[in-house]
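Asker: The residues making up each chain are set out below.
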Amino acid sequence: MDFLIFKAPILMVQASMDGILIGILFALIAYGMALQWGVMNIINIAQGDLVILGGYIAYTIYLWGIHPAWGVIISPIIMFFVGWALYKLVINKVVDRDLFISILATFGIAIVMQQLMNFIFGADVVVAQSEYGTTMLFDNSVTLPNSKIFSAFISVLYAVALVIYMKKSRLGRAIRATAQNARAAKILGVDTEKVYAATFGINAALCGIAGALISITLTLHPYVGLPYTVRSFMIVIVAGLGNLPAVAVSGMGLGLFEEFADYILGTEFRIGAVFLLLVLILVYRRFKLSRKREYLK
Amino acid sequence: MMKQKDLILYSGLIILGLAAPYLFSAFKVQLTYLCVLIVLAMTWNLQGGEMGYNTFGNILFYGLGMYLTASVQVGMFFPLAEWTEAGGEKTFVHTTAQYFQGIGVGLLVSAIVPAVIAGAIGYAILGLRGHYFAICTLGLGIAAGEIAGGIEIIGAGQGFTTPPFPAEIVDLEARGKFFYFLSLALLIGTFVFVKYIYGSRFRLILNAIRDNEDKAEAMGIQTMKYKIVGWMCSAFFCGIAGGIMGGLIGYIDSTDVAFDGREMGVFMVLMAILGGKGTLWGPVIGATLFHFFKEGLWTLILGWQYVALGVLIVVIVIYFPEGLMGWLREKYPERFGEVIDEKDRKAQVELK
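Residue numbers (our numbering), protein chains in the order written: chain A, 3 to 299; chain B, 37 to 388.
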């Protein structure tokens, strides 16, 4: 094998570090997807576009001269209301229906969002400069941008905060009750409509955080939302709904896979590799289940 | 036995189809698009409407057909790598005979290879159900586009110029007519095939799979076999449609023309749903309406067309999931051969 990565083992360390740090970010998005999937039983194709929108909010703040790191506080607040509005406009009509309807409807939303972002923010690839500098490890042979470390730290912080919130708060309990049995929760006085709206809002807020972090660590472009959707979908089907440690681990695994695919196959095949991995994971699970004469539900 | 009314309808449509390029000679390209869109909607309907396997991945076969036709057409006579290397500059020129031989063989290959591929991956993919199948096929379509964009021999990111129409034919109208009649032939072939399926046992099996796959299996139907055959039928016609479009457009780009999930991939789902899933005429009507709407409004709302498209998807999916035919069926059930027991209807109303 004459790939560069096998000749220079130090690159493996580099790729692993990058992969894990980015993977934590993916896990945060996947957590939002698992939340809405588990509670509302919808698959949101617009998830990635919500992420990108959150990123553009942080980027706008950056353009106004405020440090983009403030985006991780401002962007989720705005995105919560965006999510709430989306729920009231569209999502509440697809909650109880066939999953394919929710897929198609959110696909429509994704197209609209992409195009509107293209109008408002332009079709250029943008990035917000955090100017955090880089950390050098192992005699300067491994470079880690501090913004990536920052983003992983913030992701973990928010994820832990959300877990505690879901356990302790009244709304969190209502959300979990609705996820278990919406009808029973309704009978016991939970306003499920409000719970659904809040869930979608929280999911959008999580996307907002992730987007703000992506705006300083990676790049933003109006049409790159779909890969984020697919990544989070992949993480959720590997980890299962409501299994947070597994979401974190498979997020990191995906990050590792991507970085290594990037080094071995080349950057032009990176997105292709992600989508192909999705197909492979689904097919693998299908064959594993078919031995027991079951199928993915 | 074809009824007299049907006979008049079909012969009228065929005459209209044959006369269309002469009647509306300025719109030949649009008419070709229409034929291809109808074919795509009908084949999607076979898959999503009849079998209940909603796919976003038929664009895979469409794009494959496009690349295969062009590659065969070039590769039969000239070295393919040099052709794509040259890009826009034509170092090789097809003679008239070479062009038509090439496109004929190319279309044949573009029909067979996607069907074979559908059969090969069908066993793995069609074991997935419902939304997993939808997302998996979405992934397949996009992965194909991304991978095709990285392969050098078919032009990679800079695209693939398909052979130009032979210059020896001086008639300026010839190119448009050629592609129109090609697509019309494909449309008629597809329609006849789908109509045949609608009258056969195969359709009943597909419907059984859609309505309850477990029960169908329990009744002794080898569901996997039929699912694969159904998908192969879809892939066969999608491949030819892609090949024709490749020749018509004259330029293949991996993600914007061939594996164009954002446009064609969505259009075919939308058209079938707009017209009515699971009906013979639904996709035809849906595709025609959609095409008129698109061509009429696209230029008026320049720049906003994707916003309109997205809103259209949301509105159709939420408010008209049964489509036009479904709506008509609810309104005039007698015309669809449904007998309604008035007493039963009243009893149901009272129950509500």
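If you're looking for bench data, these hints aren't it; they were derived computationally from the structure. Careful, some of the hints might be misleading.
Okay, the calculated beta carbon distance ranges per label pair [to be verified]: (1) A:M168 / B:Y234: 34 to 42 Å; (2) B:I189 / A:Q131: 54 to 62 Å; (3) B:Y368 / A:I79: 32 to 40 Å; (4) B:P369 / A:V251: 33 to 41 Å; (5) A:F289 / B:Q341: 38 to 46 Å; (6) B:L49 / A:M168: 54 to 62 Å; (7) B:F328 / A:V251: 26 to 34 Å; (8) B:T324 / A:K90: 52 to 60 Å; (9) B:I189 / A:S171: 56 to 64 Å; (10) B:V152 / A:I79: 49 to 57 Å; (11) A:Y286 / B:L144: 31 to 39 Å; (12) A:G242 / B:Y234: 38 to 46 Å; (13) A:T269 / B:Q341: 41 to 49 Å; (14) B:F328 / A:L190: 45 to 53 Å.
Idealized CB from N, CA, C, for every residue including glycine.
Asker: Please write out, lowest number first, the hints stated earlier that are contradicted by the structure.
Answerer: Failing hints, ascending: 1, 2, 3, 4, 7, 8, 13.
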